[in-house]
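Participant: Each protein sequence line maps, in turn, to chains A and B.
Numbering of the first sequence is given in numbering that gives the first Met the number 0, commencing with residue 0 and proceeding in unit increments.
Numbering of the second sequence is given in numbering that gives the first Met the number 0, commencing with residue 0 and proceeding in unit increments.
Check the hints yourself; a few may be wrong.
Each pair may be met inside one copy or between any two copies, as identical chains are not told apart.
Heads up, simulated SDA-like pairs for lysine to any residue below, C-alpha to C-alpha not over 25 angstroms straight-line [claimed, not checked]:
hint	residue 1	residue 2
1	LYS29	GLY122
2	LYS342	GLY122
3	LYS11	ASP58
4	LYS11	GLU164
5	LYS4	LEU233
6	LYS70	ASN128
7	LYS4	ARG51
8	LYS29	GLY10
9	LYS349	ASP75
10	LYS157	LEU123
11	LYS4	VAL54
12	LYS119	GLU28
13	LYS312	SER118
14	LYS4	ASP23
15	LYS312	LEU233
16	LYS4	ALA234
17	LYS4	SER226
18	LYS11	ASN128
19	LYS119	ASP324
20	LYS349	GLY270
21	LYS29	PRO114
22	LYS127	GLY10
23	LYS119	GLN355
24	LYS127	LYS321
If you are wondering where the hints come from, they were derived from the structure by calculation, not from laboratory data.
There are 2 protein chains.
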Amino acid sequence: MDFLKNIQLVGKMIFGAGSFDRLDGILTEKRSDSCMVFLVDDFFQGRDLADRIPVRNQDRVLFVNVDVEPKTTVVDDLRDRILQLNGRAPDGVIGIGGGSVMDYAKAVAVMLTNPGPSSKYQGLNLAKNASVYHVGIPTLSGTGAEVSTTAVLTGPEKKLGIKGEFTPFHQIVLDPQLIDDVPRNQWFYTGMDSYIHNIESLTGHYANTLGNAMARQSLHLCREVFSNGDPTDLASNEKLMVASLLGGLSLGFSEVGACHAFSYGLSFVLGTRHGIANCIAFNQLGDYYPEGVAEFKQLVARLGIDIPAGVTKGLSEAQMDKMIDTTLALEHMWRHALGEGWKDRITRDKVREIYQRM
Amino acid sequence: MDFLKNIQLVGKMIFGAGSFDRLDGILTEKRSDSCMVFLVDDFFQGRDLADRIPVRNQDRVLFVNVDVEPKTTVVDDLRDRILQLNGRAPDGVIGIGGGSVMDYAKAVAVMLTNPGPSSKYQGLNLAKNASVYHVGIPTLSGTGAEVSTTAVLTGPEKKLGIKGEFTPFHQIVLDPQLIDDVPRNQWFYTGMDSYIHNIESLTGHYANTLGNAMARQSLHLCREVFSNGDPTDLASNEKLMVASLLGGLSLGFSEVGACHAFSYGLSFVLGTRHGIANCIAFNQLGDYYPEGVAEFKQLVARLGIDIPAGVTKGLSEAQMDKMIDTTLALEHMWRHALGEGWKDRITRDKVREIYQRM
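One chain only, chain A, in its complex shape (with noise of 0.2 angstroms):
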């Protein structure tokens, strides 16, 4: 168990109201004889955000569309989409999105310079070439992926993430004023992200006095904004906007535990969305996260936010082992929740029990 870890940053960073009207200068110091290529959410086709986009000459838009989960094979399609259309790796990728955006722009940056299919590349430093550069640009707070070294993706046999140096983006455009036209259940979902993060990420046998400064501050700052905050003011998202970041940071040197553990399984399984199905996995962990689990309650019930239940009933056997079998395997989640001996602290019986609780 090596508590150490060598954890590598974003390059640059720009954080406040207006910043995204400085991507344009930000790109032009890195163009050079090929092309920018954008990655969107296709929530923002034919808003103003899309129109706000700094497209110079061979310049690219390609929507995504992020209604399910983060996958290999679109990270491949949109790879090979990118230097098909261009004939060769561009100059940038940028991703303009959530933490779904955050992980194609990310995967898709080492993957135009890593050959072969991405779910050869999920897990720790696997791939070989630095990626071209990137850039993310988030519109929605909470997963922290704009300052992860992972691109957290579901392949054909794993959810998994593309985990390394290469990973990480070299520049993050903070602008809490594209945080916006969010649901209400859809912000505390993703927002929520975070605060389990920290909660995870300091009770957990990885964490430690760097690590927990971070989830401290960050977990402060989501107290803030589910207490007493308003989806729709700029304070707000400013805030959720920092928590978001030093939760993420947080983790480098820390881990995610037992929430993440089931969350993975929901969205393997069925698909789940990552932040409710966080959310949904939280909600029956009071076991493991009394106080968090407590206070998490509170804000559903305080923001009146709806979490889903029931969503395991009905699943075949084969499907709930399957599920399982997902969670047992982040080994690195459970030694973190639970230390070197959570093999006889977690048992399937014990997993099947608490999914069936979904």
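Got chain A sorted already, so can you dock chain B onto it with the hints?
Facilitator: For chain B alone, kept in the frame of chain A given last:
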């Protein structure tokens, strides 16, 4: 007044007791056909840490004296010596020491690839060529130099940093076990640099949600250390190391203020070391930072620290004028501390009066 700063972060970061032992592996990946140059505080000459440096083949260890603030002339000399010793630029420069050694390592890494004297590069983004790979390994906490985008130097004309995207370290190694053998006063002076950074960062006009979040957590950790901490205790060393990091990051998105403007004057004219110069200055700045200075005085009293008095007594009129000039030339600090109308709010007479109290 541009509130949106696009900040280059450090590349990789490893944190925790024992991380110094990973240095050899970290450097192995970066070795090409040249050598590594270790710039080490000469305090460590003959001490255990010097023997633990992973020197290989043609690597060089250069001990650096930091009894006085880092100078442009010393940077130029180090650069020339390294090029002469080696016949070409090294594969990397590794700084091991306090803030001054961090500044030297950053400045030398930039100057190995940019021609002419380093005084030519004092300012923002004046270096045009990427620096050589450089690593920062702090042995003293507080300055934030391990994460800052500036290598602060005293040149023939001014004290001003080589600031820009090529300055920050490609790698930092944060091992709290290296923070050792520091005399109590020095521990306080340097640690208080972080406390003062946070007060200055939080209270000025550039303050924003991101910088504030980092500064608040850093301040919290400073208080834990200076209210209860023991300088020989690993937990305190870890906290102060994280406080230094977060304080330094906060400044990236904010600015230092009045205390650093006065402190630079003391250092430029009297050669006072940065940490103690800050403490001498901050002690007299209750008009600008009432709560911060009140708390500072309590901590000084509780810990029985000596803050020198009467340091400006006996200065010639020319020296005092130079000190005032130095202070008032730091316009970005005053703009942050007092706003656009700062010239109406801080006069030469006021600066002189405050200096006379120090």
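Participant: Looking back at the hints listed earlier, which ones does the structure fail to meet?
Facilitator: Per hint list: 9, 13, 15, 17, 23 and 24 violated.
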